[in-house]
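A.B. asks: One letter stands for each residue in the lines below.
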Amino acid sequence: MPQTLTGRATISGFTGGVSFTGIGTLFNESYDVAANSTVTELRDGLNKLQGLQFNEGELTMQLNFTPVASSGTNTIADAKASLAAPANGAIVTLSDFDLAALNHARWAYMGDWKIAGKKDGLATYALSIKCSQDASTNIATAIS
Amino acid sequence: MPSLKAKLEQALGSVAGTMTSPPTIFFGADSDEQERPCIVCQVMPGREEPSGLGNYFLPFKVTVKSNADQQASENPVADHDARVSNLMAAMNRDNLEALLTAAVADFSVMLIRSRQLEPDTEGRSFTDSFSGEAYCCPSDFA
Chain A
173 MPQTLTGRAT ISGFTGGVSF TGIGTLFNES YDVAANSTVT ELRDGLNKLQ GLQFNEGELT
233 MQLNFTPVAS SGTNTIADAK ASLAAPANGA IVTLSDFDLA ALNHARWAYM GDWKIAGKKD
293 GLATYALSIK CSQDASTNIA TAIS
Chain B
28 MPSLKAKLEQ ALGSVAGTMT SPPTIFFGAD SDEQERPCIV CQVMPGREEP SGLGNYFLPF
88 KVTVKSNADQ QASENPVADH DARVSNLMAA MNRDNLEALL TAAVADFSVM LIRSRQLEPD
148 TEGRSFTDSF SGEAYCCPSD FA
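Protein chains in written order, with my numbering: chain A, 173 to 316; chain B, 28 to 169.
Chain B with its partners taken away, still in its complex shape (with noise of 0.2 Å):
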């Protein structure tokens, strides 16, 4: 059975691969040596709350990574805001409770909180992350 980290990250997996023209998606640990463009969906380490019922608040990122060296677009940058719109339009919805929940069999979520837009560029490639927290847990509810 996968665990709570991994079933919020294939549900992350899952939304963020409606978004228009998904590249590969790549989940858990982030690694320069994964091949751009590509997201990169990481669960980080949460907390109980409350202690002793099973229900965690995960921080979570979902990033957009483009390098230009590893393109053959002669507009890189706008490839790359092209592909971050579409997965904010695929992210940032009001219903992206329920659209996680779905994505998973065995998991709930309940409530994304403090969602943040960091963008970054360091040289020639740029990541764009949308972060946040999620409340969840390993059970489906009626």
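Only chain A is shown next, with the shape it has when bound in the complex (with noise of 0.2 Å):
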């Protein structure tokens, strides 16, 4: 029977917090995130499927921003400052992501910093952040 659509409530945005270790002021521009997990497969004699044996894996997140001038001081050198590259492995919080199981202070950045401009845009930041999904693994201490 036909209905009348009346709208759904979805996820939208990107509204999450990312702190790095000493880096300048980054305006969220979008992200994603995949998971990682290796499995294996347990066979009897005759090669007959059994069972699977699932390893926890790692979580592995791109991210993309706006490098940005400080809300409080608001300059053209505050904008460059936020050019600058974390210390490759350094921690990564994030904060009030829709999900929250990616919020935590156990991410580590890879060192894979990449900055695009162009002549008749906006600058772009990237970079890509790494956790296990062991939750009592902190590879972010770790490395630190």
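Hints listed in this document are in silico derivations from the structure and should not be mistaken for laboratory results.
The structure displayed is predicted, hence computed values, not measured ones.
For each residue, glycine too, the CB sits at the ideal point set by N, CA and C.
Watch out, some of these pointers could steer you wrong.
As a list, the in silico EDC-like pairs of lysine to aspartate or glutamate whose alpha-carbon atoms are at most 16 Å apart [unchecked claim]:
(1) A:291 x B:160
(2) A:286 x A:230
(3) A:290 x B:76
With beta-carbon atoms standing in for the labels, derived distance ranges [to be verified]:
(4) A:286 x B:122: 55 to 61 Å
(5) B:104 x A:255: 15 to 21 Å
(6) B:143 x A:285: 33 to 39 Å
(7) B:116 x A:252: 30 to 36 Å
(8) A:178 x B:116: 55 to 61 Å
A few chain B residues facing chain A, derived, Cβ under 7 Å [stated by the list, open to error]:
(9) 140
(10) 168
(11) 169
Combine both chains into one complex, guided by the hints.
C.D. replies: Structure representation (structure tokens):
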């Protein structure tokens, strides 16, 4: 039976907070996060599949920002300072992401910082971070 | 406090007004009732980028308008061309962003892109527009 469409709640935007040790002001643009777990197939002597053993893998997140000036001083020098790269292995804290499981300080910056500038547009800033899916494993602490 | 649109129009008018022998400068909506020769500074609807920061790409157009019937001139086409040349000398600058920023308080232009020239003739009316997009915001930067 046809229904009147009244709208549904969805998830939109990029409202989470991302904080690095010693980095400038970055304005959220977009992110994507992907899980990567390994699975071992358990088979009997006749090679019949008996089960699957999952090993908790890692989460990798790509973050894209627009470097901006800080809201307080709002100077060109501020904006330029926001182009600086974090230190390799810097600890990253995520907060207020829609997926609550992402909000922790066990993320580590992977050293793949990238800036793209163009003559007739804005500079963009991209990097990736990684953490273990095992909440008891803190790779950020291990690196630092 | 003037809107961002009004600030950009004022800034464009201020820079256009530095041309040699500027005619009357009008702001905002174009109108056939504006007596020619004149210059019209107009800002069109634009979009915010990135979303949520308060910076906008605003398309603009600065148009030189002349009409042979409204001028006591023996060569209205040459007069119009001279006005266009004078306007371009004032506007087509590699530091246009700084000139526009300095023209109005609490206003910054960070980028001008997509510059275009649009000449047009209709009967005995002549128009030439210098247009583009200004990336701007209603704040001053140090």
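A.B. asks: If you check each hint against the structure, which ones fail?
C.D. replies: 2, 4 and 5
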